[in-house]
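Visitor: Sequence:
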Amino acid sequence: SLPVSLPLSIARGAALGRVSVRGMVLSANLEMAVRLCGALAAWQLGLGLPGIVAAIGLSLVAGWWPVRGQTGTAQRVATAPGEWRGLALRIGVLAAPFALLQVAQVGHLDADLLLSATLLSGDQADLLAGLSLVQRIQFYACFGLAGVLLPTMTRAIADGRPLSGPITPVAAIVGGTGLLLLGAALIDPEFIIKAVAGPGFVSAAPALAPTICAAFCFTVSYIAATLLAAMKDISGIAIVALALPGLVVVLWLASAQGGLSQLIWAKAAFQAVLAVFLIWRVRIVLK
1 SLPVSLPLSI ARGAALGRVS VRGMVLSANL EMAVRLCGAL AAWQLGLGLP
51 GIVAAIGLSL VAGWWPVRGQ TGTAQRVATA PGEWRGLALR IGVLAAPFAL
101 LQVAQVGHLD ADLLLSATLL SGDQADLLAG LSLVQRIQFY ACFGLAGVLL
151 PTMTRAIADG RPLSGPITPV AAIVGGTGLL LLGAALIDPE FIIKAVAGPG
201 FVSAAPALAP TICAAFCFTV SYIAATLLAA MKDISGIAIV ALALPGLVVV
251 LWLASAQGGL SQLIWAKAAF QAVLAVFLIW RVRIVLK
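Throughout the sequence shown, residue numbering follows the working numbering, covering 1 to 287 in sequence.
Quick caveat, the hints were computed from the structure, so don't treat them as lab data. Just to be clear, a hint being listed does not mean it is correct.
Claimed, not checked - Distance ranges between label pairs, derived from CB positions:
no., residue 1, residue 2, range
1, 94, 200, 43 to 49 Å
2, 94, 203, 43 to 49 Å
3, 184, 91, 18 to 24 Å
4, 187, 96, 39 to 45 Å
5, 40, 269, 34 to 40 Å
This structure is a prediction, so every number in the text was calculated from the model and none was measured. C-beta atoms are modelled at their ideal positions from N, C-alpha and C, and glycine is treated no differently.
Starting from the given sequences, assemble the full structure and let the hints guide the process.
Guide: Spelled out as structure tokens, the structure:
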């Protein structure tokens, strides 16, 4: 996928830098629509996993199409080799905190799943995989908002405008998504599990509500860390990264005291504390 995904990433990066919200939204949604519908169609047509892989490849092209023109106006600048090395170093230094945040994100979302073979029995590990799928969909439903928030916040700070403008719609969408999913999980958790993971995972339904709470709280933490980074404060990224070993310890202790339910509730409680701490940190920096 690299020959296709690299131009996609470059074009999306240009759209992000220009705060081309329309292009970014179209790119992300078109990619996901082609991936989902194409994979379902390929499976129903009996094309199996090769058909699904083909749909994923086509989705990358579809995601590139709305932002393909973002790099068309770039101008080539003659630069000496030594200057290129210095530029690469500066870019690396700027990108390092965000790379750390991405690694920490994987750990916070998937630490329980990665450790499930050690912490849980075979059946419970399988159920955790189904719950993790719900959690992943929930997080990535709001994940792109962080990408939009960073440049809009930076521009607002540079222009001296109030920060409530870019923050409010992001907070409303994240909060609304979390409340909607939590309400659905409390009313009919079995329906959600069947729709996302299949009927074989129905016995995981009692743990769906804390799973959604954990994903919601980490989404808040991730966006808060991004918000702090936009204000030239990387303490949020550091807090998220340093909290990861603590999460692993909490999961280990919870699994020793019980099973899947205790593990999920412990993760939800840990993520709630982390989210509250980061919101408090944002309030301090905003003052």
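Visitor: Next step is simple, just say for each hint if it's right about the structure.
Guide: Structure-based check of each hint:
Separated by about 45 Å at the C-beta atoms, residue 94 and residue 200 satisfy the suggested range of 43 to 49 Å. Checked against the hint of 43 to 49 Å, the pair residue 94 and residue 203 passes, with Cβ atoms roughly 47 Å apart. A hinted range of 18 to 24 Å for the beta carbons of residue 184 and residue 91 is inconsistent with their spacing of about 42 Å. Range check, residue 187 to residue 96: about 44 Å between beta-carbon atoms, so the 39 to 45 Å window is met.
Taking 34 to 40 Å as the suggested C-beta distance range, the pair residue 40 and residue 269 conforms, at roughly 36 Å.
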